[in-house]
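4 protein chains.
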Amino acid sequence: MKVVKHIKIKSGMQVKELVESMSDAGFGAGKIARASEIMKKMFEDKECKVFFGVAGAMVPAGMKEIIIDMLDNADVFVTTGANLTHDLVEALGNNHYLADSKLSNEDLDDNKLNKQGIDRIYNVFMKNEVYPELENFFEKNFDEIKKCTNIKELLWKIGELVPENEKGKNSILKKCYEKKIPIFCPALADSGIGLMIWGRKAAGREITIDAFDDMKEIIDIAWTCKKSGVIYIGGGTPKNFIQQSLQFSKGASYGIQITTDRPEPGGSSGAPLKEGISWGKMKSDAEFVDVFCDATIALPLIYASVK
Amino acid sequence: MKVVKHIKIKSGMQVKELVESMSDAGFGAGKIARASEIMKKMFEDKECKVFFGVAGAMVPAGMKEIIIDMLDNADVFVTTGANLTHDLVEALGNNHYLADSKLSNEDLDDNKLNKQGIDRIYNVFMKNEVYPELENFFEKNFDEIKKCTNIKELLWKIGELVPENEKGKNSILKKCYEKKIPIFCPALADSGIGLMIWGRKAAGREITIDAFDDMKEIIDIAWTCKKSGVIYIGGGTPKNFIQQSLQFSKGASYGIQITTDRPEPGGSSGAPLKEGISWGKMKSDAEFVDVFCDATIALPLIYASVK
Amino acid sequence: MKVVKHIKIKSGMQVKELVESMSDAGFGAGKIARASEIMKKMFEDKECKVFFGVAGAMVPAGMKEIIIDMLDNADVFVTTGANLTHDLVEALGNNHYLADSKLSNEDLDDNKLNKQGIDRIYNVFMKNEVYPELENFFEKNFDEIKKCTNIKELLWKIGELVPENEKGKNSILKKCYEKKIPIFCPALADSGIGLMIWGRKAAGREITIDAFDDMKEIIDIAWTCKKSGVIYIGGGTPKNFIQQSLQFSKGASYGIQITTDRPEPGGSSGAPLKEGISWGKMKSDAEFVDVFCDATIALPLIYASVK
Amino acid sequence: MKVVKHIKIKSGMQVKELVESMSDAGFGAGKIARASEIMKKMFEDKECKVFFGVAGAMVPAGMKEIIIDMLDNADVFVTTGANLTHDLVEALGNNHYLADSKLSNEDLDDNKLNKQGIDRIYNVFMKNEVYPELENFFEKNFDEIKKCTNIKELLWKIGELVPENEKGKNSILKKCYEKKIPIFCPALADSGIGLMIWGRKAAGREITIDAFDDMKEIIDIAWTCKKSGVIYIGGGTPKNFIQQSLQFSKGASYGIQITTDRPEPGGSSGAPLKEGISWGKMKSDAEFVDVFCDATIALPLIYASVK
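Chains as they are written, first to last, in this note's numbering: chain S, 416 to 722; chain Z, 416 to 722; chain E, 416 to 722; chain H, 416 to 722.
Careful: at least some of the hints might be erroneous.
Note that identical chains are pooled: a pair holds if it fits in a single copy or bridges any two copies.
DSS-like, lysine-lysine: derived pairs with alpha carbons at most 27 Å apart [as the list claims (entries may be wrong)]:
#1 K423 - K722
#2 K616 - K562
#3 K642 - K542
#4 K631 - K665
#5 K423 - K517
Just so you know, the hints here were simulated from the structure itself, not pulled from any lab data.
Fair warning: this is a prediction, and the values are worked out from it, not measured in the lab.
This is chain S alone, in the form it adopts within the complex (with noise of 0.2 Å):
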């Protein structure tokens, strides 16, 4: 038992200090800090594979700079279509567009953004015109995306074909093809890359892309490592995926997971990481912290004091 000792907020102060003071305090702040000393061990082992799970819509609310930065730590990243989808969206050309911040989000009027042609992901922008480049990417690259025979392959190759100017080298998926990142994303059929493939198989072009088969891949790190070590940014499919995978691991020795959903309605999302230990997915003597946070909010703060 350690005594609590108060933070005291210094002008000028790093984020830093102010994560390592909070592992004197309680509550969320604590588990701030925990999650940081976690961190920093789980890169530090070089023993440790590092299983990075990115749900949700990180990268519209300006997150990628940061999960970029992280990659240069994983060892298998798994995420969302939506993220990708986004993250392509940039890469393209494109941005992300804030509401105005003056407004409650209760003041946001979704049909006039809909006659106008926005689509609204919370308090963040994107405009409809979006879809045709997505979908000029896709039809002059078909030749070449319709070789890829897995989801794995079908992402580097996007990620190879990105442009390699400024908006297009600063993408998470050009890094995972050039750092040759495993990158998974089960349900890419519910993304608008998913919508880009479907447009091409309903305009009579043909590619197969095995749902299972990248599976082998996933599975085989788990299996192989000698220990391993998860990052949950906001559960989803990308959480379970990875979660399923250790399952045939020694089971995770660092476990970070950062999200807002509730334990009780028995979702994968909100099931704390401690559960894994039923299913040997996490080690009993893992050291492992659940961060009750818009991740958007620990997730800078968390990276901020490792970097």
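Got chain S; can you put chains Z, E and H on it based on the hints?
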């Protein structure tokens, strides 16, 4: 503005009466009543195609019969691999189990469960011994299964192969197969069924299930239907996959969403239905309601008031 | 470990049957059934004093009749000034109103409501015109009211003074007065009733209500009772004030808590009942359950299954 | 509509820089930045009276120094009896303690803690042995304390009596006394300090603290101030008591609310600030933001960006 009338509980009260009396109450109670009204309208509207999305782990929680019942009113069904795997586990003769209700959930010892070969899903247990039976099922039937080329076909095929005995007949997969209800599961790789397919592939058997092929069917239904309605239990891929398809529709005319996820972190699961108006997924004059409640409480209540 | 049995909905089903069938289900459904069992036991246990705490704004939401009914089984009642003010507002002949259920909550225009003299409580409205009537009531009766010296006396006095007509008879305050149910409200200053007392004092009238005096009574009840049980609707001061008193008891033997507050930020409202064991507020072998649900949904359901 | 710019983490980054970069991001990150902007404006606006409300148990969690610091910018302070009791406990020389961060919270054994004389507040501990010291303090100083006639006087008096040593000087109560910051706590009876007063009264000592008397002062400040701003940490009685007073003001011009409570169940703690516009508590053109976050994470982050 109608007057709040206080709910008056009578001994022997029917669920229908209770939910009706909730229509004069505020907060969540009023929303349960509103969901009941909308479900009734949606089911009675002959022009309306009902898209039913069920996330999470509703089957192990005891919601299977309600889902099977509701499928009589559904034109499209989208769910997680988890729900389908747990459905298959039961169809093959196994059970799920409840933790002792006298234990608070925090007292469950995951390490001990792990040693006993028990997997925990909040306060529900499944024995590891279900896996060899799943293996047998897939091994025995693989020559049939391997003919499938997309996920819907695969799921109908599994439904067809499920034994015709008492346990097997009472299955979501069997029902979808028999009633020819289009069933989609974009992240099927992320589930026990996915593991079974991987297992066969790892053993050198051949099967190719296209990840994008059955998108055509759900988008066709969305594109061609006069009117549509959505029922979302818990968000996730099932909700998002339906929402995506509805971008190609006139926009849903009815909507019910039951979730406990927060909107603020921007994920699709927690997004209010209203947000879909900006995307054209929901009509601006649609009748819809967001019910903030554990679905295992709200769904039986709402459905019992409608049946 | 008992087997999960799936809830089967029948047409015309009684609430009692539905809740009973939930006892074989997991997640929130099982907790509703558990709360029902515990409530029955608590009400039937002749040795048990029931401490009933109701936070929030349950009266404007339409829960007044259920609370009045449940008071027949309560030995101590603690609530917010808000609930009592709204109860008095109705006892004096006024109503609360519901926002149009077709509007999503985000569409309510608070600026417009303000100009119309309407105060909003989520999706429930109250007209500003209730205040002059409250003023009249306190002005007219002040010679009686000013004789009170503690909060419980004051609340019983108000209950006594509430008109004997149809509206007035149907009041929490009247019921507590008539049945001599000890009623506590430590933060009464923080409410419309508090404002009425302030108004008289500001006008030079004299009244002194001791803030601590009636603690003696609730602590005496806790101290002397053989057994105790708690029912908490929504946490807040009502829960905390009862919990505090129970530190002087043998610890509660039964407990039901219905709240949607999170435990992680450390507040009393979101703390699981289990935490009370460390403080001696709850017996280590008590029968208790935390129900994560909007109380306007869970309470009618649970109470209808018990009555 | 401004473009989303992705947060870029630099080594050695200051909190100020991080929060500034959040202003170009969406979801919670953008709200942290918005809260920082509003806090700066509110503190710099010489005409603005700042009403600061702190609920929950922020003191045991390690937030005491930040609160003491922020009091330099506060014109009115409202808090829970819990925060003040924990403040006094520390001022008298005791500590709070942290649970082992390697334990997940679910593993804490409340029964064992109870036998060890340790009270749990989520992951923070307090020893029962603090109570005799509180008793001594009140017993020793009762002749001074009993002269007080309202809650604010009582709290200032306690602040005056707190020892002038190192521990005592670093206290919220001392600070409010010394700087003559009006401090209110409508539910003081619902706290350890309340228990101490009850203890003296039970022992036959006399003291009368009027429950409504200091309402005059907070309403006067609200009534007479040119402009007002509110900062709410966690809702509860502190928020509601300030909001109530603001009904007598021109409506707040600035607002920051940090809470994880849901709006749907209709409680004051979870109500968005926007709702206050209908009541006239908030100006329709006020600058305000609702931050959905554990306050022990959000408050240090926001305050460090402002200081």
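At most 27 Å between C-alpha atoms: does K631 with K665 qualify within a copy, between copies, both, or neither?
Cα proximity of K631 and K665: one copy only (17 Å, versus 40 Å across).
Homo-oligomer pair classification [K517, K423; C-alpha up to 27 Å]
between (30 Å within a copy, 24 Å between copies)
K642 and K542: within-copy, between-copy, both or neither at 27 Å Cα
between (43 Å within a copy, 26 Å between copies)
Which holds for K616 with K562 at a C-alpha limit of 27 Å: within a copy, between copies, both or neither?
both (14 Å within a copy, 20 Å between copies)
I want to check one pair: K423 and K722. Are their C-alpha atoms no more than 27 Å apart within a copy, between two copies, both, or neither?
both (22 Å within a copy, 11 Å between copies)
Violation of the numbered hints given earlier is absent; every hint is satisfied by the structure.
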